[in-house]
Amino acid sequence: MVMTTGGCTVPAFAPKGAGDPATSSDGVPAAASTLGAPAQWSPCSGVPEKLVGRGAAGMSYDCATVAVPRDWSRPKNGQTYDISMIRVHSKSQRNRIGSLLLNPGGPGGSGIDLAVYLSFGQSLGGLPKEITDRFDLVGFDPRGVGRSSPLKCISDSDQDASFAADPDPVSQAEFDEVVALNKRIADGCGQKYGDQLPNFSTEQAAHDMDALRIAVGDSKLSYLGFSYGTLLGATYAQLFPQNIRALVLDGAVDPTESYVQGSESQAKGFERAFGNFTTWCKANAGKCPVSADPRKAVTDALAKAESSPVKYRDGREATSGWVFVGLISSLYTESGWSSLAQAIADLADGDAKGILDLADQYAERERDGSYSNLFDANLAVNCADTDGAPTVAEVRKLQSEWRKKYPVFGAPLALGMLPCTYWPGKRDPFPAGKANGAPPIVVVGTTGDPATPYENTADLASMLGSGHVLTWEGEGHTAYPSTDCIVSAVDGYLIDLTVPKAGLRCPIK
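Position 310, counted from 1, in the sequence shown is what full-length UniProt numbering calls 310; the numbers after and before it change by one each time, with no gaps.
Honestly, the hints are just simulated from the structure, not real lab data. Predicted model only: the values in this text are computed from it and were never measured. Glycine included, every Cβ here is placed at the ideal spot set by N, Cα and C. It cannot be assumed that every hint is accurate.
Stated by the list, open to error - Using C-beta positions, here's what the derived DEER-type ranges look like:
# : residue 1 : residue 2 : range
1 : T279      : D300      : 15 to 25 Å
2 : K296      : G188      : 52 to 62 Å
3 : K304      : D210      : 43 to 53 Å
4 : G188      : E257      : 22 to 32 Å
5 : R427      : Q191      : 10 to 20 Å
6 : S400      : G125      : 32 to 42 Å
7 : G388      : E174      : 21 to 31 Å
8 : P431      : A458      : 50 to 60 Å
9 : R427      : D496      : 35 to 45 Å
Said to hold, decoys possible - Simulated crosslink set (DSS-like; lysine-lysine; CA at most 25 Å straight-line):
#  : residue 1 : residue 2
10 : K129      : K501
11 : K509      : K282
12 : K509      : K220
Could you put the whole structure together from the sequences, leaning on the hints where they help?
Rendered as structure tokens:
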């Protein structure tokens, strides 16, 4: 996950179209089965058709919805949310182990979309056949996300203003404008959802996961969580250690870090990834049109966009905020580096399309200016989880301090904490302790991960007590299924419960 000027995070995979409520138009049933009852599956080929134009060959798609208590501390008060999920089944499946529950991260990412994307096979970036031949893939949208009683409280115009804002406002007047915007957003969410806001916490969602385990008929949970999904999985492990079969947590969040510590870790991680990009760029001049001095090209683009932003043909301006969002977006994968280099070169020539395309992919902004509810849900979950948000004065101080330590990303990541400063809801922090009684849990880390820095990997494994570290010496956010070494280790664990060899480090290729 990563925080930006709006204080929000994104999933390990950035699916599009995750903001649609559960309707028959994309095949997700609107009627929910009751808690504790088996899921009532119905065919929903419309979901992959809407997302990517078709379903994967040899796969069937079924959807179901489960009603869960809004507040698990009061499960019998009659108030519920509907949790939507999809089941992808391979027609060549043999010796079925059970379901593999999936979460892409965020918070706010759609597990339904992720399951569809991962169903297309390893050659297209999906899961290996060895996994789909043994498991049904079950993706779910957590409460408040996508098709699961979606939370929506930020207007499109405020989303635009948040992303477009100066990522490092130096003058007090500019800073005050950003503060006022964040307060307006927080107040609007409070006015709409009021005392429901604590219900969107990670701990509540982890209880939902156990309800889904029962609904799909598994006595033990097998789970693959990316990015924020590692925090969700770790929370589940502490609440239900006896119900775990296998957990793979890829791109670790460290639950023991404070809100401020986590934000600084991300600033450090993105600064390191940016340095890796500049090193690559200088060594690959043929793929990088700004190879002469890539760092200067990017920082110059940000500076120029503050005073004279390039205007796109639709009238939209590539402000410094949008340039920064495009930069963040491109650092999630090494494959995005060439797109960033070209976008920065084009911007210098007066063409904003490339950088705005990168930014819109991150923000889940459609061409008509509308947004999914990714960042609405992201904000609600992050702030419900956070009981240590800094004051405005503390944010201002950190902005200055972190600018010196992390020149490109420090100040924006400090400002990213502002929304939770004003968040009106009560807080429901997630637990941060041992998963006593849990079986071995595999925690995967990538040495060049910008959003969930590699240092988190061992910290999460140690906190859980039964965690085992698997390292990928690569770039980008999350590792599985990037290389044969990672695939072999993770598949062996998911299928046979064979824990990767202690200290295993997989090379970049």
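- [ ] Could you see if the CB distance from K304 to D210 stays within 43 to 53 Å?
- [x] 52 Å, holds
Task: 25 Å Cα cutoff - pair K129, K501 - done: 23 Å, holds
TODO: Please test the hint of 32 to 42 Å on the beta carbon pair from S400 and G125.
DONE: 41 Å, holds
Open item on the list: So if I understand the rule, the pair passes when the alpha-carbon distance is 25 Å or less; does K509 with K282 pass?
Closed with: 21 Å, holds
- [ ] Take the C-beta atom of T279 and the C-beta atom of D300, compute their distance, and say whether it sits inside 15 to 25 Å.
- [x] Since T279 and D300 have Cβ atoms about 19 Å apart, the given range 15 to 25 Å holds.
Task: Cβ separation of R427 and Q191, checked against the hinted range 10 to 20 Å - done: 18 Å Cβ-Cβ, so the 10 to 20 Å window holds.
Open item on the list: Taking 50 to 60 Å as the stated bounds, is the beta-carbon spacing between P431 and A458 within them?
Closed with: 19 Å, violated
Open item on the list: Can you confirm whether the C-alpha distance between K509 and K220 stays at or below 25 Å?
Closed with: 34 Å, violated
- [ ] Given the hint of 52 to 62 Å, check if K296 and G188 actually sit that far apart at their C-beta atoms.
- [x] 40 Å, violated
Task: Distance restraint hint 21 to 31 Å, applied to the beta-carbon atoms of G388 and E174 - done: Distance hint for G388, E174 holds at roughly 26 Å.
Task: Status of the given 22 to 32 Å range, CB of E257 versus CB of G188 - done: Since G188 and E257 have Cβ atoms about 29 Å apart, the given range 22 to 32 Å holds.
Task: Pairwise beta carbon distance, R427 to D496, judged against the given window 35 to 45 Å - done: Hint holds: Cβ distance 41 Å, inside 35 to 45 Å.
Of the numbered hints listed earlier, those contradicted by the structure are 2, 8 and 12.
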